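> Each chain, written out:
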Amino acid sequence: MNLERLPNEEKLSLCRKYYLGGFAFLPFLWLVNVVWFFREAFLKPSYTEQLQIKAYVKRSALGLLLWVAVLTTWITIYQHFRAEWGEVGDYLSFTIPLGIP
Amino acid sequence: MNASDSDEDIYNERSALVRSESPALPSYIPDSDLTPPNGTPTKRLKAGISRRPGAAAADGGGSDPEVEAEEEELTLKYGAKHVIMLFIPVTLCMVVVVATIKSVSFYTEKTDQQLIYTPFTENTSSVGRRLLNSVLNTIIMISVIVVMTIFLVVLYKYRCYKFIHGWLILSSLMLLFWFSFMYLGEVFKTYNLAMDYPTVGVIIWNFGAVGMICIHWKGPLQLQQAYLILISALMALVFIKYLPEWSAWVILGAISVYDLVAVLSPKGPLRMLVETAQERNEPIFPALIYSSAMVWTVGMASPNETQRSEPDEEAEQSDGRAEPPSRHSRLLPEDEMEEDRGVKLGLGDFIFYSVLVGKAAATGGDWNTTLACFVAILIVCVPPWTAPPLCDLKHKQELLKTVSPAAAQRHHEHPDDSFINPDCI
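These protein sequence lines are chains A and B, in that order.
The opening residue of the first sequence carries number 1 in full-length UniProt numbering; numbering runs sequentially from there.
The opening residue of the second sequence carries number 1 in full-length UniProt numbering; numbering runs sequentially from there.
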């Protein structure tokens, strides 16, 4: 999909859909939104819809940062305390490494 | 007009064959600086693009040999660029497969589990028996493929689009979620990492959902290409794991033969699929084709199907630069309908090349075998898909009209002249 070829309304609609879709536990979608629409939102000469696209991109970036923070925290906690948690740790584990932790 | 000529301009089939009015510009291949601006075009095969200099477009007044030589040169240059554009995704896919094979032992472990498509075991005592079993496996596999292809063509002919879309969505769902889940699990086990279900859940969910969006709906082109490469690699890995050794090699050979038959023979299912799509002026389904440019054209030949590639010229837009309107107006009237076309290669090709190289990497211990296979595939398999062996007369006619009415007329009179048409497969 080449953004250059789309009319501005469609760009806005696409950006909005990606933004809304990200609420379904899809930070990756927000990341794609930010990267893809970054140039449109910030580096292009302005047009009517650009303000809204900017807003969506900013909010997607915010959501993304939030998710990254949450995930990093959780992963750190898990990796650090997994062995100590005993059964609960194993229950949560998808793969359990071999050897002594 | 002159100001806009650069390699970043739209270089699609129209502009490639319609000569620019500007004076000769140097291409980025040094030796083509020697090309005289208005002179007889040489037939050197260049690996890059150069702007066609010289006289006004499609004047039809050129002498016949000159026009024909000109067309051939354009075609040759055209084909060369396509080849290179296909190298990259094919290479990437193979790199992913080989990297996985070499590092994750899961995919090379011997398993007695086999796909239902290859019921005959290869753990037999005698060589003859094993050979027989592998041939039988191949026959079954190929019949399944033929039946499925015919089924798909029939569905397409009778416009059962919903069914086809549902089928494609189901299969890409499986690939994107289930196979990648297995893959991730195996990678973690190989590197002895701990991973918890919530994190894995989030990762797979994101990977799969964004993949579905990119492939079946709208998404950035590079991301879609990346996903297609990844699912081809996943599929190839599954084949490498579950196809028994000898069956795999026999199947590869048989698939190539079937491929040729299905596409070249007039009643071949793939050919019928392509022709039906052309008649209806529709693109072939998104999940089956890798394309280097997103949108398909309306009208001019866009034969895309599972097992073929198409040597369309990539027409990546120059980023952020408004097209000079005069450029569009000089191009032919159907220009509004024509959008970015790119080189297209069926995912089946990706998968089977990767299976070949992956098997070579798995069986042969060292890298020489793998590299040799890789180079062989790039040289032997990729160019033929970009050179257009298939061409029906209708498309030759249309294309020639765009280049020069004189040539079109000549072709009309002598339709049997072989002419490489970059617009066809």
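It should be emphasised that the hints constitute simulated quantities derived from the structure, not laboratory data.
Just so we're clear, the structure is a prediction, and the values are computed from it rather than from any experiment.
Fair warning: there could be bad hints in the mix.
Said to hold, decoys possible - So the derived list for chain B, only partly shown, Cβ under 8 Å to chain A, looks like this:
| # | residue |
| --- | --- |
| 1 | 96 |
| 2 | 102 |
| 3 | 104 |
| 4 | 105 |
| 5 | 183 |
| 6 | 185 |
| 7 | 195 |
| 8 | 199 |
| 9 | 220 |
| 10 | 242 |
| 11 | 277 |
Every residue, glycine too, gets a C-beta built ideally from N, C-alpha and C.
> Indicate, hint by hint, whether the structure satisfies it.
Comparing the hints with the structure gives:
| no. | hint | result |
| --- | --- | --- |
| 1 | 96 | violated (19 Å) |
| 2 | 102 | violated (20 Å) |
| 3 | 104 | violated (13 Å) |
| 4 | 105 | violated (14 Å) |
| 5 | 183 | violated (13 Å) |
| 6 | 185 | holds (6 Å) |
| 7 | 195 | holds (5 Å) |
| 8 | 199 | holds (6 Å) |
| 9 | 220 | holds (5 Å) |
| 10 | 242 | violated (22 Å) |
| 11 | 277 | violated (21 Å) |
Checked against the numbered hints given earlier, the structure breaks hints 1, 2, 3, 4, 5, 10 and 11 and satisfies all the rest.
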